[in-house]
Structures are given as structure tokens and as C-alpha cells.
Amino acid sequence: MNFPILSSLILLPTIGALFIFFVRSSNKQYQSSKYVALFITVANFILSIYLWFVFDKSTVEFQFVEDREWIVGFVNYKVGVDGISILFILLSTFITPICVITVNYTVKKRLKDFLIAILILETFMIGVFCSLDLVVFYLFFEAGLIPMFLIIGIWGGERRVYSAFKFFLYTLLGSVLMLIAIISIYWITGTTDVEKLYELGIDQKYQNLLWLAFFSSFAVKTPMWPVHTWLPDAHVEAPTAGSVLLAAVLLKMAGYGFIRFSLGLFPAASEYFVPLIYTLSLIAIIYTSLVALMQEDMKKLIAYSSVAHMGFVTLGIFTLTQQGIEGSIFQMISHGFVSAALFLTVGVVYDRHHTRLISKYGGLVSIMPKYAIVFMVFALGSLGLPGTSGFVGEFLILMGAFKKNILVATIASLGVILGAAYMLWLYKRIVFGKIIHDDLRNMIDLKRFEIITLGLLVIPILFFGFYPEPLINSIETSVGNILDVNYFNQTKNLALGK
Amino acid sequence: MEYLILFLPLLGSIISGFFGRNIGDKACQIITCSMVSISALLSIIIFSKVIISGYENNVIVATWISSGSLDVNWSIKIDALSSVMLVVVTLVSSLVHIYSVGYMSHDPHKPRFMAYLSLFTFAMLTLVTSDNFLQLFFGWEGVGLCSYFLIGFWYKKESANAAAIKAFLVNRVGDFGFALGIFLIFYVFGTVNYDEVFRLIPTITDQKINFLSIETNIVDLICLLLFVGAMGKSAQFLLHTWLPDAMEGPTPVSALIHAATMVTAGVFLVVRCSPIYEYSQLALSVITLIGMTTAFFAATVALVQTDIKKIIAYSTCSQLGYMFFAAGVGAYNVAMFHLFTHAFFKALLFLGSGSVIHSFKDEQDINQMGGVWKKLPYTYVLMIIGTLALTGFPLLSGYYSKDAIIEFAFVSETKFGIYAASIGVLTALLTSIYSWRLIFKTFHGNYNNKKLGIETMHESPIIMMAPLIVLAVGAIFAGMFFKELFIGYETTYNFWGNSIKFLETLSTDHPPKWFIYLTPTLVILSIPLSYYLFVKNTKIVDDIVSTNQPIYTFLQKKWFFDELYDQIFVKPSKKCGLFLWKKIDGLVIDRFGPDGISSLIKNFSLKAVKFQSGFIYQYAFIMLLGFSILLTLLIVK
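Chains as they are written, first to last, in this note's numbering: chain Y, 1 to 498; chain A, 499 to 1135.
Just chain Y, same shape as in the assembly (with noise of 0.2 Å):
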């Protein structure tokens, strides 16, 4: 067998977590421990693009993979990536160094115990993406709960405790049913490896049952509505790092789930439950976009915004179609980005101001010049302006939806009216206008740091608007074989025939 890189991926968060948390650090700052985690994690990434940098894409095959016995004659702990989860991977290994940096500058209790806690982090989140077994992908993604549950619950704001638990309550209440669903499968079909689970299928009969128990884990985690309201909560408690992680990453692993597992085990029950998905979807957008407008909280207003663009991707995902899945995946990473941007951005005023009351702000542009200037390629790329990544995940998953549904394609498009309102209102109100409260005017511009962590996050978000294809290319092959092997209903050009 080859050198394991994807163990490695995941074990080397884990290796710096334990280092960080044997190696005494005398003095207060911790400075080796910011060191440490700091070099874990872009030594991760590094790792992880040199393995996208060897990844064939040209194949179907799940690559890398690493197949080990671990509880004999029922589970194999196995491993292995395509085309999709490989940036989903990126993104992970690529957002978590962006958090370390601002911890270190930010988190002023217990800085030790956060990078722990973020390193282990990682450590789920690729576990996530690259399990390869039911029973590996259920561990990895529910032990991810457990950081996340102490970041928001010991470095979170006032209401944190609350917080906490709700979040807690919702997406292990959900779990339960995924569990069941997996202990059902095995006792269906006799395994729990996702390759071999492809070839055999699983009985139509009960494919409905378990899709449910699947999607009610998956759409909390996403989270659709209605079961969305731990999500504002959540972040407005969590400490920046903490929104960011949660944000771009976290809340991926549930469509990513719908892509791998639900297209990808219960094809049949997928197609049976479209109107459902859409039916939500819809709901998610117009719904949330609407209350966003009306937030008065910076962390709410882009809470709500995420939902209602993780219900453009629950939508383009279950167009089945090839440009639907891959805008919904192109869509996922690029509001990994751009929500992971705008957390930061919101955590640069609530250091300085100690507020995320939006009516408390207002001015900033002629104060903080640098902050207008980044704030603004983030709202745009929310708000999917061409030319930001933001648009080319949206535009894809509108065309793939008119190809099955116009009516439903012509609704989310009004979403999109709705989402430059809310977010060019905020930013207004925030950046524009003369300054009322004098007590802003002592805000310093951005500090080097942050314009560190901001401009790695602005490069990508113009790079891939202007320049998809290294995305939308190593996605191309995975999605297509998703869409073959299940006969989804391949697109019928209805006028010409083709």
C-alpha cells in the first residue's frame, strides 16, 4: 500500500491537538502552542493540495483509498476521495489555518484549549468528507458536534449555554434517526461499505424510510427549513472562529451527505422526494431572505442569508440534473468562502465595537477606508454579483432547475432580487451614510492580520468568479457517474430533439 495521505489528512490535526495539549507552555501567551497549531494546519494544507495536485480526474474511481479491518467482520475503517469530496477537503484544510490566525489574535480566555479544540475540528470535518464506510462517515460526523458544542458553550456570548444545547438538541435529534437508518442497512444488505453499497443498490421498498431517516439528519445539519433556527442562535453566540468553521465548513457536510449518500443510495426514493426538497427549498429562500432583511443583528442577518443559500443548494442538488449538482457544489464552496468572510468581517467591527447591532454603526467607509473596500467584494459575492464565485454556483443551479421546473426556477430567481436588498441594505447601513455616534470615530482600519486573513479569502472568491473551471473540472467526471449509474432521468431537450 502506498503512503496514506488521507489518514495522515486526518490523524495530523489530531497529532498537534495532543502536542499543544502535553507540551507546557510557561509563558501567558502561549506563544508555541500558536505556533504549533498554526503550522499543523498549513502544513495540512499543503498536504491537501498536493494530493489534489496528484488526484486524477479524469476517472470515476474513488481514489487514495485505504481500506483497514477495525471491528472484525463488521466494520472496515476505509477511506478514499473523487472529485467532489476532494474540495470540500480543500476547503476544510483551507478555512481552518485562516481561523487559527484569528484566534491567536482574538480569543483572549483560554487560547490553548480553542486551538485544541479547533485542530480536533479538522480532524471531523476530513474525516467527513473522505469516509468511505456508513459507520466511519456517522462517527466522524456526529464527534464533530462535540467541539463545536464547546466552542459556542465556553467561548460564546451572553446567551452561549443556550445556544449550545439547542444546537446540541437539534442535530443529535436528527442523528438518532441516521443511526437507525445505518443499523438498517446493514442488517439489509450485510455491509456498510459506501462502494460496495453502490454496485449492490438497495431495495426500492426501503429506500423511502431510509432516505427520511438520512434527510432528517442531513436537513438539520444544512439546515432547511423549518428546522433552521438553531443556526441564527448558534452564531451570534459563537465566537468569530467559531461562526467561520461553522459556516463554511460544518454546514456543508449535510449536502455534501445529500450528494454522496442520498443520491447516491436511495436514487429512487431521491426522485420520489423532489417535490418535497423543492417545495422547502423555496420555502428556505424566500422565507429566510425576507427575515434577513429585517435583522437588526449583523450575525443574524448573514445567519439567515446562509440559509437561504444553503436552500439554493438543497435545490440544485435535487434538479438531478449535471449543472443543478454542480452549481450546488460550486455553491457550497464559494459561500464556504464568502460566509466565512463576512463572520470575519462582522468580528473586526464587534472587537473594535463590541456590538453587532447594526443601528450602532454607520460611517465606517470614511474611518476605515481598507474594511469598506473588502467588506464590499463580500457583500458582493453574497449577493452573487458576476464575476464573484457566488454567482456562478447560483446561475448554474437556476439553469439546471428551469431544465425541470420553471415555475420553481422562476421563484428561487426572485430569491435573488431578495438577497442584494438585505445585503446591500446592511452594508449601507454599516459602511455609508455620516458617522452619528461619535464613539466609532477612535475605530482603527483594518489591522495586518485581518488584512491578511480577509485578502486570502478575497482571492478566491474573484479568482474562481472569473476562473470556475479548476473547480467545476475535477467535479465534472464525479457528478456525471452519479448521474449515470442511477438513471436519473437524463435532461430531455425538449425543442430540438437532441
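Keep in mind the hints are simulated off the structure, nothing from the lab. Nothing false has been slipped in among the hints.
Chain A residues, not near chain Y, derived (Cβ > 12 Å throughout):
hint, residue
1, Leu950
2, Leu1053
3, Leu1062
Distance condition first, Cα-Cα at most 30 Å in a straight line; then the derived BS3-like pairs of lysine-lysine:
hint, chain 1, residue 1, chain 2, residue 2
4, Y, Lys447, A, Lys654
5, Y, Lys434, A, Lys949
6, A, Lys655, Y, Lys370
7, A, Lys655, Y, Lys428
8, Y, Lys360, A, Lys1073
9, A, Lys1069, Y, Lys434
Just so we're clear, the structure is a prediction, and the values are computed from it rather than from any experiment. All C-beta atoms in this analysis are idealised placements derived from N, C-alpha and C, irrespective of residue type, glycine included.
Could you slot chain A onto chain Y? The hints should help.
Chain A in isolation, oriented as in the chain Y frame:
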């Protein structure tokens, strides 16, 4: 060369935007001005190449998106149509750049302003040189974004911010239709490239599609959806409300974006898609109808406005209406011709009014002006030239293009032809009256400004006047020179080549002689009439106003569109958002969801706790109870 035309403005924008602070205001101005000027020169060279040798080219810059069967490139497409737009955009843009150096001389944010202007130019160029609908959409939103930046340039003004957002959102509504149009095109043809789409159009002309449960012809639907986008960008009736508000931006911006270039993008779209529109009689009728409604509506509103820039803005709106109804009756080349001449005289009028506003220290109300024509002689003369050209005074550029539109409408065999022509004549009269009202109230009569003494009035610096003179030359001669080329019976098909499609050749009939002379006569007669009404005997106007107060208010309030939209769109959305958030999220989902469950569990466990009282006799009693129940059950069984 194509690369240079496109990327020089972008380069200028980047340098000025990011390094403005380091290299200083002067350097920024020189760099951006020269970049755009070079681009303008190159565009003129290309344009002459197109005229002389029918030059065509399509440069593929890079792949943009390729997903499944969707394959889109970044491209620079040069043909007759785009070369005309190139000249208009880069020429007006370079003049506006130069003018801005003078106009913005007291502003502290010059580099930022120049960067936006250049960025806008770049976006507009990507729009016109696209070879597919997606890049067109990119440019489309790009110019919208720059317009948003520039309207809100004075970010401390609350009204400017509101206007900027309004412009962006109303345009988004238009873009919503546009995007749906693109989806439909992709759905039907599997491609979004012009050439392939245009080639395939004739094969699907009678196919139908079920759109929102209405059975519609596909071609009609595509055309109408694209036209919704064009309505938004070109501020046509129903989606026009953003344009007058957009005048909150600095005046050079109004000249460049809201007169000569961006707002004409809608007309460009319709002309570019002539191979599709030619197959949809329905869409063409709608375009004619909307076009003439806009032309008339905007002219009536312009009659009573008092803000100098808003009058010109409504005038722009009205002239765009003319272009649309030209396109609607199938005279795409005439629409382009009017677009071309309009760019000169409308930019001239805006920049001229900017010069007036500059002299009056940012006063825009024409009731606060008057009697300054001796003080501002050059501006006065230039404004007169612009007004003559706009109203269609014989031999000036507007005369050739506008009268051609009215004549084509008259001889066209469409349903609305005659109707449109008569509205056209009426609107031409109104145009003339409101334009001269502006001139007379601004430059003649008594001096009405209380804040500034008349002796402080002075002409603007040469750097502002020079661009005006160039534009004036264009306003006078552009019609005469290019008439044959754009709309001549023989030459026009040669020149436009494949860029415009005429399913049937244009009618060569002439309208009757009396009709040809009608418009110019009205236009000329309206000059003394306006002079009498607005200078000599202003009492008559006041009387008319006071006797027709309701109509006056109706016009003054712009037909109450803003209030209407506020009531039916803005307020309900906000209320709805608040309701969904507080009531549904808070009182329904959370109450019965997580909070409900957790309190249920809590209550339950509180009750359960009571069982563990610790008293032996209670436990014994429960045991006894259970035992006896079990026993009873057994016995009964």
C-alpha cells in the same frame, strides 16, 4: 488592438483604485484619462476598418464556465454593431474623464472617482463585445454595479445612498427577467452563444412551452423575458423609477452612464437579438407599446420638474422610448442611429448643465437660476446647440434620427404604426417645450438666486469646456455625416452586414409630404411659444397650473409611481419579514420545536422526580398497587 481597447480602461481603473494614494491625484487623472483616450482612438480605428472593409473578428480570451453542455467563453466580438457601441462608449467616456478632472477638482476622492469611471467603461465594453448571453449578463451587472458606486459616490448623503440601492434593486428586477430569458435559451438550445442561438431560431418558431401554466410560444417568451431586462436597464415605463433618482450622483456620471452608455444597453440588447425578435411579432408590438408609453409619459413629467438634472433625466427616458419603438417597428438600424446621435447631444446637455450647476455652486433648481446667459456665454451657446439637436431642429443630428423614427413608424405595417407615429409627433412637441423651458428658465428672465450674487457667476475652466465643444461638434454633424451609413437605403445593409437581421427589407415608402414637414414645423414653432410662456408672460403658466392643480400634482409626483411601489412592494416585504421572524420562527417553530421539547422533558422529569420521595411507605403502597393490578389482570384472564 481589441485587447488594448478593453483592458486599458481596466488597467487605468486598477492603478487609480489601488495605488491612487501612492501616486497622487494628478497622476491618477492623467493615467485614467490617457488610457481611456487611447482606447477611444483605437475604437475609432476599428470603426473605420468596419466601415471601409467590413472588418469582423471574434477574439476568444479564455474559457469562463463549462459545465455539462454549457460552454461559455470570455470573448471580444467585433462587428458593425459592437464597433458603433465601442465608439460611443469610449468616446463619451474619454470626454467625461477629461471633464471630470475639472468638475471634481474640489472633491477629496478623485482617484476613487476616476477608478469607478474607468471600471465602468471596462464593464460596458465587455457588455458590447460579448459573443454570448452570459458575458453580456456579466457586463450588464457590472455596469449596474459601477452605476451603484457612482450614484452613491457622495456616500454621506442619505438620499444618494437610497438612490444607489434603488437603482441596483430595480435593475435586479429587470435582470430577473433577463436571467430567466437566458435560462430558457439554454434550456431550448443547449447553448448561450449568439451565433448558435441565432442559427437555430428559425427551426423552433412554432414550438410552444408551458410557462407558469400558460401555453406560450417559445420565441415570444424568450423575447419578452429579455425585454424585461432591457426595460430595467433602459429605464422604461414601470421600471423607470430609478433613473431620476440616480441624478444624485455627480453630473459627469449622469452624462456617461445615465445618458450616453449604460441606459442604452437595453436598446443594444434588442438590436443585438434582432435575429430572435424578428420572429416574434408579439414581442415587437410590446416593445413598441412600452417604448411609446415611456416616450410620452417621461415627456409629460419633464414638463413640470424643476430640478435641471431631473428634467434631462426624464428627457433621456423619453428618448430611450423613441429608440425602443424604432426597434419595435423593425427599424433596428434607426434605433441604433438615434442611440448614436443621442449619445452626443444628451451628454452635451448633461455636461452643460453640470457647468451651470458648477457656476451656481451646486444649485440644481431652475427656479433659483435665470438671466445668466451673458455671464455664461459659452455654456449658453453649447446648451442651445444641445437643445436644438435634442428637439430635432432641422439639419442637426436629432433631426435626422428622430424624424426617421417617426417616419418609419408611420410607414410600417404593424398594428401600432400610425398610433406610434402620432404619439411620436406629440412627444416631439412636448420635448421641444420642456427643453426650451429649461433653457429659458436657466439663462433668461430675472436672476432669482438669493444665496449667490450674480457677479460671482463665471464660466467653467477650459478643461470642462473642451469636451463640451467636441460633443457639440458631434451633436451638430453626427446626423448629417452618418445618415447614409446608418439608415441609407442602399448602404445600410452593407454596413450592418450580419449584425442586424431584417426578415423583410425595410419599407422604402415615404410618408406624405405634409407629415414629413409636420414635426420640424412644430419644433420650430414651439421655440417662440416657449419663450412667450416662460419668459415674457409667465402668468399664463401659473394660471394653467392653478386651474389644473390635480393634473399638475399628478405630473409633479411623477404619476405617483414611487408611492405606489412603496405601498405594494417595499412595505409589505418588510412587514412580511418581520412577521415571519418574530411570529413564525419565534412563536411557532421555536416554541413547539426545541424550546417545547426541552420544556416538555423538564416538566416530565420534574414529575418523575416526585416519585423518588424516599419514604418507604409510599414505595410499599405503589408496589402493592401494582401487584394488585397484575393480580386482577391474571384473574380476569
